[in-house]
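Peer 1: Construct all of the structure, not just a fragment, from the sequences and the given hints.
Each chain, letter by letter, is given below.
There are 2 protein chains.
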Amino acid sequence: MDSKNTESISLTTLQRLPNYLRYLKTCEQQGIVYISSVMIAKGMDLTPMVVKKDLAVAVITEGKPKLGYCVESLIYDIEKFLGYDNTKDAVIVGVGKLGHALMAYEGFSNYGLNIMIGFDANVTTSEVNGKKILPMNKFVDLVKRLNIHIGIITVPKENAQEIADLMVSAGVRAIWNWAPIKLEVPNNIAVKQEDLAASLAVLSNRLKELMKKE
Amino acid sequence: MDSKNTESISLTTLQRLPNYLRYLKTCEQQGIVYISSVMIAKGMDLTPMVVKKDLAVAVITEGKPKLGYCVESLIYDIEKFLGYDNTKDAVIVGVGKLGHALMAYEGFSNYGLNIMIGFDANVTTSEVNGKKILPMNKFVDLVKRLNIHIGIITVPKENAQEIADLMVSAGVRAIWNWAPIKLEVPNNIAVKQEDLAASLAVLSNRLKELMKKE
Numbered sequence: 014m015d016s017k018n019t020e021s022i023s024l025t026t027l028q029r030l031p032n033y034l035r036y037l038k039t040c041e042q043q044g045i046v047y048i049s050s051v052m053i054a055k056g057m058d059l060t061p062m063v064v065k066k067d068l069a070v071a072v073i074t075e076g077k078p079k080l081g082y083c084v085e086s087l088i089y090d091i092e093k094f095l096g097y098d099n100t101k102d103a104v105i106v107g108v109g110k111l112g113h114a115l116m117a118y119e120g121f122s123n124y125g126l127n128i129m130i131g132f133d134a135n136v137t138t139s140e141v142n143g144k145k146i147l148p149m150n151k152f153v154d155l156v157k158r159l160n161i162h163i164g165i166i167t168v169p170k171e172n173a174q175e176i177a178d179l180m181v182s183a184g185v186r187a188i189w190n191w192a193p194i195k196l197e198v199p200n201n202i203a204v205k206q207e208d209l210a211a212s213l214a215v216l217s218n219r220l221k222e223l224m225k226k227e
Numbered sequence: 014m015d016s017k018n019t020e021s022i023s024l025t026t027l028q029r030l031p032n033y034l035r036y037l038k039t040c041e042q043q044g045i046v047y048i049s050s051v052m053i054a055k056g057m058d059l060t061p062m063v064v065k066k067d068l069a070v071a072v073i074t075e076g077k078p079k080l081g082y083c084v085e086s087l088i089y090d091i092e093k094f095l096g097y098d099n100t101k102d103a104v105i106v107g108v109g110k111l112g113h114a115l116m117a118y119e120g121f122s123n124y125g126l127n128i129m130i131g132f133d134a135n136v137t138t139s140e141v142n143g144k145k146i147l148p149m150n151k152f153v154d155l156v157k158r159l160n161i162h163i164g165i166i167t168v169p170k171e172n173a174q175e176i177a178d179l180m181v182s183a184g185v186r187a188i189w190n191w192a193p194i195k196l197e198v199p200n201n202i203a204v205k206q207e208d209l210a211a212s213l214a215v216l217s218n219r220l221k222e223l224m225k226k227e
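Chains as they are written, first to last, in my numbering: chain A, 14 to 227; chain W, 14 to 227.
Please note: incorrect hints may appear among the correct ones.
Listed next, the in silico BS3-like pairs over lysine-lysine satisfying Cα-Cα at most 25 Å (straight line) [what the hints assert, rightly or not]:
id: 1; chain 1: A; residue 1: Lys93; chain 2: A; residue 2: Lys65
id: 2; chain 1: W; residue 1: Lys55; chain 2: W; residue 2: Lys65
id: 3; chain 1: W; residue 1: Lys93; chain 2: A; residue 2: Lys157
id: 4; chain 1: W; residue 1: Lys221; chain 2: A; residue 2: Lys93
id: 5; chain 1: A; residue 1: Lys157; chain 2: A; residue 2: Lys205
id: 6; chain 1: W; residue 1: Lys195; chain 2: W; residue 2: Lys205
id: 7; chain 1: W; residue 1: Lys38; chain 2: W; residue 2: Lys55
id: 8; chain 1: A; residue 1: Lys66; chain 2: A; residue 2: Lys38
id: 9; chain 1: W; residue 1: Lys38; chain 2: A; residue 2: Lys225
id: 10; chain 1: A; residue 1: Lys157; chain 2: A; residue 2: Lys101
id: 11; chain 1: A; residue 1: Lys226; chain 2: W; residue 2: Lys205
id: 12; chain 1: W; residue 1: Lys101; chain 2: A; residue 2: Lys226
id: 13; chain 1: W; residue 1: Lys195; chain 2: A; residue 2: Lys221
id: 14; chain 1: W; residue 1: Lys205; chain 2: A; residue 2: Lys205
id: 15; chain 1: W; residue 1: Lys157; chain 2: A; residue 2: Lys221
id: 16; chain 1: A; residue 1: Lys66; chain 2: A; residue 2: Lys79
id: 17; chain 1: A; residue 1: Lys205; chain 2: A; residue 2: Lys110
id: 18; chain 1: W; residue 1: Lys157; chain 2: A; residue 2: Lys225
id: 19; chain 1: W; residue 1: Lys65; chain 2: W; residue 2: Lys38
id: 20; chain 1: W; residue 1: Lys195; chain 2: W; residue 2: Lys170
id: 21; chain 1: A; residue 1: Lys93; chain 2: W; residue 2: Lys226
id: 22; chain 1: A; residue 1: Lys144; chain 2: A; residue 2: Lys157
id: 23; chain 1: A; residue 1: Lys170; chain 2: W; residue 2: Lys157
id: 24; chain 1: W; residue 1: Lys101; chain 2: A; residue 2: Lys157
id: 25; chain 1: W; residue 1: Lys225; chain 2: A; residue 2: Lys38
Bear in mind the hints are in silico, worked out from the structure with no lab data behind them.
Peer 2: As structure tokens, then:
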């Protein structure tokens, strides 16, 4: 959740916000550029008063007299409010030595990046670096709820594809894969493959070149 | 050490081999292409019989009648025998979680690469994955003796430069640096800098692009 204080927001408003998004995206597709709260209310079977109150919670954009709200800005504001644009938080699956090392690595914060939670099939410790380690059965729900879109895979290669599938089903859109296996994912998912062996092999080859020169 | 059985080789022969190398490289620089064992003996103040016996241990190249040995081949054979061309073995300094994970990583062997030994300022376990963990005071000697030219740095960034200097002094020629700090090394040393935070930041940016497109 972004900027505004969410504690005082009613659950019903929160639950309606994704519906606004869906509705506004349909409007956008139909070429509608501006929309009034009355029109939204009509389209969504709500009272204009409810719409005004709901939007006041999530939206920074102000409506223009006679024109109403800019649809694109509404979508942007609500997505931001719901954390749908979250590109900084990540979760990690597989808290073995490598996962542990990544969770404890402090350099990520230089970029505002944050591994929020670790998941493991076999939780042996409840925390690493003040971050929770949770069992896999909490994964999908929590990742969805927190709108986390970056997943890091540090499980053995036998389990990596299964975890990737789970991540995609939970809304993860970018995967940092440390398992030495090529993942099969839908086209709209970004994958960064880490290949430790290839990295060391590159260095070994540079060493060979260096030695040949002498 | 390479191919041939070294157990039956006399220590004096082993100790002389680097001297042959030095002498043969001088000859090569002077433009000498072929050399006889008699010439080597003269140049190095040894008897031809000793030279023949020594070379028989380390050298595969055969001398040509009247011409003698090809100098370049002699150098190549002796270097190979002494392991001076070793581009596959590595040592790691810093056996924390990351170092531990790298030592336990099995993918390296696909490329014939091998992290032979781990070193740590504070040894808490004697072995990882069947590989020894040793204190730092054994570092220089052992790395020199085993002709290891690849060093992996997984110490905190405060100590990384000091370890790099130590590695260079021990004959390491290629460094895989996981500490988030730019190392100062001589020109003839290869460095591969691993930057975890930048890697994750790249993925985060790709995610941003993906989301913008939608």
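Peer 1: Now, for every hint given, state plainly whether the structure supports it.
Peer 2: Tested hints:
A threshold of 25 Å between alpha carbons decides the hint, and for A:Lys93 with A:Lys65 the separation of about 18 Å falls inside it, so the pair holds. A threshold of 25 Å between alpha carbons decides the hint, and for W:Lys55 with W:Lys65 the separation of about 13 Å falls inside it, so the pair holds. The straight-line distance between the Cα atoms of W:Lys93 and A:Lys157 is roughly 57 Å, outside the 25 Å bound, and the hint therefore fails. Using a Cα cut-off of 25 Å, the hinted pair W:Lys221 and A:Lys93 holds, with the two alpha carbons roughly 13 Å apart.
Of the supplied pair hints, the one linking A:Lys157 and A:Lys205 holds, its CA atoms being roughly 21 Å apart against a limit of 25 Å. Among the hinted pairs, W:Lys195 with W:Lys205 is consistent with the structure: their alpha-carbon atoms are about 10 Å apart, no more than 25 Å. Between W:Lys38 and W:Lys55 the alpha-carbon distance is near 16 Å, which keeps this suggested pair within the 25 Å criterion. This hinted pair checks out: A:Lys66 and A:Lys38 have alpha carbons roughly 20 Å apart, not beyond 25 Å.
The hinted pair formed by W:Lys38 and A:Lys225 meets the criterion: a straight-line CA distance of about 14 Å does not exceed 25 Å. Between the alpha carbons of A:Lys157 and A:Lys101 the distance comes to roughly 15 Å, so the proposed pair stays at or under 25 Å and holds. At roughly 19 Å between alpha-carbon atoms, A:Lys226 and W:Lys205 fall within 25 Å of each other, so this suggested pair holds. Restraint check for W:Lys101 and A:Lys226: satisfied, since their Cα atoms lie roughly 18 Å apart, inside the 25 Å limit.
Under the criterion of a C-alpha separation no larger than 25 Å, the hint pairing W:Lys195 with A:Lys221 is consistent with the structure, at around 23 Å. Note on W:Lys205 and A:Lys205: the hinted pairing holds, with a Cα-Cα distance of about 18 Å set against a maximum of 25 Å. At most 25 Å may separate the alpha-carbon atoms for a hinted pair to count; W:Lys157 and A:Lys221 meet this at roughly 18 Å. Pair hint A:Lys66 plus A:Lys79 holds up; C-alpha atoms about 19 Å apart against a cutoff of 25 Å.
Between A:Lys205 and A:Lys110, the direct Cα distance comes to roughly 20 Å. Compliance with the 25 Å bound is thereby established for this hinted pair. Between W:Lys157 and A:Lys225, the direct Cα distance comes to roughly 20 Å. Compliance with the 25 Å bound is thereby established for this hinted pair. Restraint check for W:Lys65 and W:Lys38: the C-alpha separation of about 18 Å stays at or below 25 Å, so the hint holds. Using a Cα cut-off of 25 Å, the hinted pair W:Lys195 and W:Lys170 holds, with the two alpha carbons roughly 9 Å apart.
With a C-alpha separation of about 16 Å, the suggested pairing of A:Lys93 with W:Lys226 holds against the 25 Å cut-off. Using a Cα cut-off of 25 Å, the hinted pair A:Lys144 and A:Lys157 holds, with the two alpha carbons roughly 18 Å apart. A C-alpha spacing of about 36 Å is found between A:Lys170 and W:Lys157, which places the hinted pair above 25 Å, so the restraint is violated. Under the criterion of a C-alpha separation no larger than 25 Å, the hint pairing W:Lys101 with A:Lys157 is inconsistent with the structure, at around 45 Å.
Of the supplied pair hints, the one linking W:Lys225 and A:Lys38 holds, its CA atoms being roughly 14 Å apart against a limit of 25 Å.
Violated hints, listed in ascending order, are 3, 23, 24; each of the other numbered hints is respected by the structure.
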